[in-house]
Every structure is written in C-alpha cells, then in structure tokens.
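Q: These are the residues of each chain, in order.
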Amino acid sequence: MTVRVQTEDFDVGLEMLALRQRNPKVGAVASFVGVVRDLNDGDDVSSLTLEHYPGMTERSLEDIVSEAKDRWDIYDALIIHRVGKLLPLDQIVLVLVTSAHRGESFKACEFLMDYLKTRAPFWKKEQTSMGSRWVEARESDASAAMRWDKMRDD
Amino acid sequence: MKIKVLFFAKLREAFQTNQVEVTFIGSDNKVSDVLIALRKKGEAWADELDENKSFRIAVNQEMVTEDVTLSEADEIALFPPVTGG
Chain V
0 MTVRVQTEDF DVGLEMLALR QRNPKVGAVA SFVGVVRDLN DGDDVSSLTL EHYPGMTERS
60 LEDIVSEAKD RWDIYDALII HRVGKLLPLD QIVLVLVTSA HRGESFKACE FLMDYLKTRA
120 PFWKKEQTSM GSRWVEARES DASAAMRWDK MRDD
Chain W
0 MKIKVLFFAK LREAFQTNQV EVTFIGSDNK VSDVLIALRK KGEAWADELD ENKSFRIAVN
60 QEMVTEDVTL SEADEIALFP PVTGG
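Protein sequences, first through last, are from chains V and W.
According to numbering that gives the first Met the number 0, the residues represented by the first sequence are 0 to 153, in order.
According to numbering that gives the first Met the number 0, the residues represented by the second sequence are 0 to 84, in order.
Isolated chain W, as found in the complex:
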C-alpha cells in the first residue's frame, strides 16, 4: 500500500521536502503507522513529529486524528496548527 504524505509550512522547511511516499506491506494501516515510519527518517522528523508536538493531520483534505485507517492512494498531510485570517 502506497501513501502520499504532504508537508506544509514549518514541517516542510524542517524536512526539506514537501512530500514523501510511504509504502506498507499489507493493509489496515493507520495514520499512526505512517507517523512511526516517518519518525525513523532522522532527527528533524523524530523531533517535529514527536507525540508532544502539536501538529495537525489531514487525510484526503479533512482533518482527522491519528487512529484513522488508511486506504490505497490516500493523501495524508501533516502541518502545524493553522494561522490564517
């Protein structure tokens, strides 16, 4: 199962990329599994995606929590709390 993960704002800068692809063998993966995989990519990743950090998660452009189960071709986005207006 391939999942595209997008990053915005401070996270995009910290990871020096605006997207990565995460591949899982099998199905029934959750957003939390993606976070676990991403934290292994390096210090900045582990730091910014730490459980104590406040970041937001969107799946297919809707804000969700990390216990959401993913499907093939889902688009995840990770970003800081929003500051528009």
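Here chain V stands alone, though its shape is the one from the complex:
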C-alpha cells in the first residue's frame, strides 16, 4: 500500500524499514514529515481538524505517486496523511521515497509534497483563541507545484 489516510500517528522509523527492507538495491531513502505548529498567521493555534474527501483522497495520492515514478528512477514511495483532530507537535504527513542514489529520492520527495499540497483533497480548520477558521490556500504552494509542471514542459 503506497498511500494511507488515517487518524492514528505513524512511526517514521518503522515505515522506513518496511519500505526498504526487501530491496537490497536501495541506496537512498528520503523522508519528509509535516508537523502541526502552534502559530499561524500571527495567531495561537490550539488544534487543527483535518477533513478530506474519502475515495478521492486515496486516488489522488496514488496518482501523484505514479507520476513521481514516471518522472524519476525511484523504487518505491509511501505517503501517510493523518485526518481528524491534531495538536501542535503532532505529525500530520509522511512522505518516503527509496532509490539507488540520493538525487532521485530528494527530488521525488519534494515533488510529492508540492503536488499533495495542491491536488489532494484535504482541508485544515484551525482552532485559535479568536475562534475556528478554515486555512486559506497559499499562493506559494501553487507556485511550488507549478515549477514541476514547468520543468516537465521545458
């Protein structure tokens, strides 16, 4: 299973071991972990609630992983994204990529996060001292995803 959407926490070490253990050709594993912060747009954040679109979420993440496999010579990838209520310091998202050499893993890992941020149907709602609010999409996330499109077009 290359993508998982779950409420439970994850163990990066165990996931990494599971992803690479059966393949002695793996020479590099890149990982990214997203974590809940206690501050956003100048306000204290006491918790986050993550909503998603069951079915489409898994499908879009699988599509993103397939696209990474088309673009780079990687062996495997794993995306775990948590949903439900999360607190500051909690892990939200894990991306792991294995390859023979580091360059492919690093690039694919960053690509997966950039695409996930603009294509996978997750929405964050923040609980702050000022009340609850939906997090607005950032222009910088759209630009980050677009540079990969440009790279492909060039």
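Just so you know, the hints here were simulated from the structure itself, not pulled from any lab data.
Treat the hints loosely; a few may be bogus.
As the list claims (entries may be wrong) - Residues from chain V shown here face chain W by an in silico Cβ test under 7 Å; the list is partial:
#1 Glu50
#2 Tyr52
#3 Gly54
#4 Arg58
#5 Leu115
#6 Phe121
#7 Lys123
#8 Arg132
#9 Trp133
By construction, the Cβ of each residue, glycine as well, lies at the ideal position given by its N, Cα and C atoms.
Starting from the known structure of chain V, arrange chain W on it as the hints suggest.
A: Only chain W this time, still in chain V's reference frame:
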C-alpha cells in the same frame, strides 16, 4: 438525469449540508448547469459559488473544469482550494 453533488469544508458549512441531488430533464448537461441550479438555492449558495470565488470541482473524484459534460449517476464534488500537508 440525477446528479449527486457533495460539499466539503467551508462549502459544507456554508450550505449546512454535505450533499444534494440535482435533477435535470434531458441530457448533455454540464457542470456549469449544476452550478447555475445551485446558485438559485439561496444567498449562501449564490455567494459561495459566485464566478469570482475560487472553488474546485471534481467529477467522479477527478478535478475538472465547469465545461465538463455530465452523465447519469455522476458524482460531483465542490470544495475550496485544498490545504493539506
């Protein structure tokens, strides 16, 4: 033709429902026809689905634009730009 429309996040809250069914007489309806029908449901609907608002459309769980033609039993979803990760 019956089309199921799902709402998520801010749109679900604004419309106070997570889904509606839209019925059309005849075929060859587009997503844009569904949007026109939904905007007539009230102020919140007209406001959130205004042409100047940035919301996303998925048909059968793939992001599309509003000129896509619909088929019987298609599942549409309307939601704000995504903010995961």
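Q: If a hint holds in the structure, say so; if it does not, say that too.
A: Here is what the structure says about each hint:
Look at V:Glu50: its Cβ gets to within about 5 Å of chain W, closer than 7 Å, so that hint holds up. Hint status for V:Tyr52: holds, given a least beta-carbon distance of 6 Å to chain W, under 7 Å. Because the closest C-beta pair between V:Gly54 and chain W is about 6 Å apart, less than 7 Å, the hint holds. Contact between V:Arg58 and chain W, as hinted, is supported at the beta carbon level, the nearest pair being about 5 Å apart and thus within 7 Å.
Interface restraint check: V:Leu115 against chain W, minimum CB-CB distance 5 Å, threshold 7 Å, status holds. The interface hint given for V:Phe121 is met, as the beta carbon of that residue sits about 3 Å from the closest beta carbon of chain W, less than 7 Å. Below 7 Å, beta-carbon pairs count as interface contacts, and V:Lys123 has one with chain W at about 5 Å; its hint therefore holds. For the restraint placing V:Arg132 at the interface with chain W, the shortest Cβ-Cβ distance is roughly 9 Å, beyond the 7 Å limit, so the hint is violated.
The beta carbon of V:Trp133 is positioned within 7 Å of a beta carbon in chain W (closest approach about 5 Å), and the interface hint is therefore held.
In the structure shown, a violation is registered for the earlier hint numbered 8 alone.
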